[in-house]
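Just so we're aligned: 339 in this note's numbering is position 339 of the sequence shown, and the numbers increase by one with no gaps anywhere.
Derived from the structure by calculation, the hints contain no laboratory data. One or more of the hints may lead you astray.
Stated by the list, open to error - Okay, derived cross-link-like pairs now, DMTMM-like style, lysine to aspartate or glutamate, Cα gap no bigger than 25 Å in a straight line:
(1) Lys96 <-> Glu190
(2) Lys79 <-> Glu55
(3) Lys64 <-> Glu160
(4) Lys27 <-> Asp124
(5) Lys25 <-> Asp10
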Amino acid sequence: VRVVIIKLADRLHNVQTLQYMSPEKQKKIARETLDVFARIADRLGMGRVRMQMEEQAFLYLNPKEYKRLENEIRKRLGKSTRKLGKVREEVEQELKKAGLDFEISGRVKSVYSLHKKLKKTKGDIDRVYDLMALRIIVNSKDDCYRVLGILHSIYKPMIERIKDYISMPKPNGYQSLHTTVITPSKLIAEFQIRTRDMHEFAERGLAASFHYHEQKSSKDYISGATSKKRSEVKGNGGLSNELQWIVQLQDVAQRLRDGEEIDPEQLQIDIFGDRIFVYSPKGDIYNLPEGALPLDFAYMVHSDIGKHAYAFRVNEKIHAFDKPLEKGDVVEVLTRKNSEPKIDWLELVKTSHARIKLRSQLRQRGDLEPIKNAEAIKARKSNEK
């Protein structure tokens, strides 16, 4: 992980010095940065690095749209800053009355984040409620929920926009409470509530966790109830769930070294697509690509678990091999020693990790011919199509 972080720092420097390169190289580096490096930074929870990469890359890839959105943000901030300032004063008074130790600050949405959000709202910027948000930082997790209760007691919450990323963190480890409220003056305002350690992690991601490991004073975040549970993941050599996607990244790297061509769609599934959390019956958490199938889970736990699986029970009900898992599912793999993998299982896995383990087992049993080189790989892929 440290090596990846160093690579990201190097790429950030490159994208910040694009003005010294030819237009062709500017576009190439900007596209790579947006499609690959910014996504890896996001996977590592490095929000600040991700945002800087996205902003610089988008500026060079679509300068006209960048300037248009930048001007739109500036124009709208002028209208709402004064109203939001009044809301901030009201909130500060209520939090002081409650005896809370807190910091409150404004957060403006980045240009590229607005660009992505507008795709979801079909270009309607009036439906982007978090163009400017207020961030409240407190000392403890309990204080986060106290602040949430206070906000909902003085303003009307938009129930469908309440997000608890503390009890259920994002796949990259991000933790925070998000709520959107309507004030008596009909202003729609978004709040983010988190502890100081959560804020540091949101900004610096895994880079911050290395620092935390060395600083015992930050132990509260690392060993908190939720984080402790996250660290109890059994598969993938003990990797925490935020880092389980690195197993797929390692698989991709190995396949490239072996001369195999990588399908961009498979890369999207393994590395850059949306992720879900599922649970083992013991409460261990596993981080899988959205759309993953039960066998993907089994091989994520351990290759022998996948090898000897004969059925699956999800949320205490028998679950078909070809039915995708969903966020929050509790997955039990039913195994028996005499069960063996079948060749048609290759159609029942989505992740490269599971497919590689399964192919290896099938080859050992003589059900698949060993693949010696890149030409053989290409021929096999052609035949499979």
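Does Glu55 lie within 25 Å of Lys79 when you go C-alpha to C-alpha?
-> holds (24 Å)
Pair hint outcome, Lys27 versus Asp124 [Cα-Cα no greater than 25 Å] = Violated, at about 28 Å.
Between Lys25 and Asp10, does the CA-CA distance stay at or below 25 Å?
-> At roughly 16 Å apart (the allowed maximum being 25 Å), Asp10 and Lys25 satisfy the hint.
When you check the alpha-carbon spacing of Lys96 and Glu190, does it fall within 25 Å?
-> holds (20 Å)
CA of Lys64 to CA of Glu160, is that 25 Å or under?
-> The given pair, whose Cα atoms are some 34 Å apart, is violated under the 25 Å limit.
Violated hints, in rising order: 3 and 4; the structure is consistent with all others.
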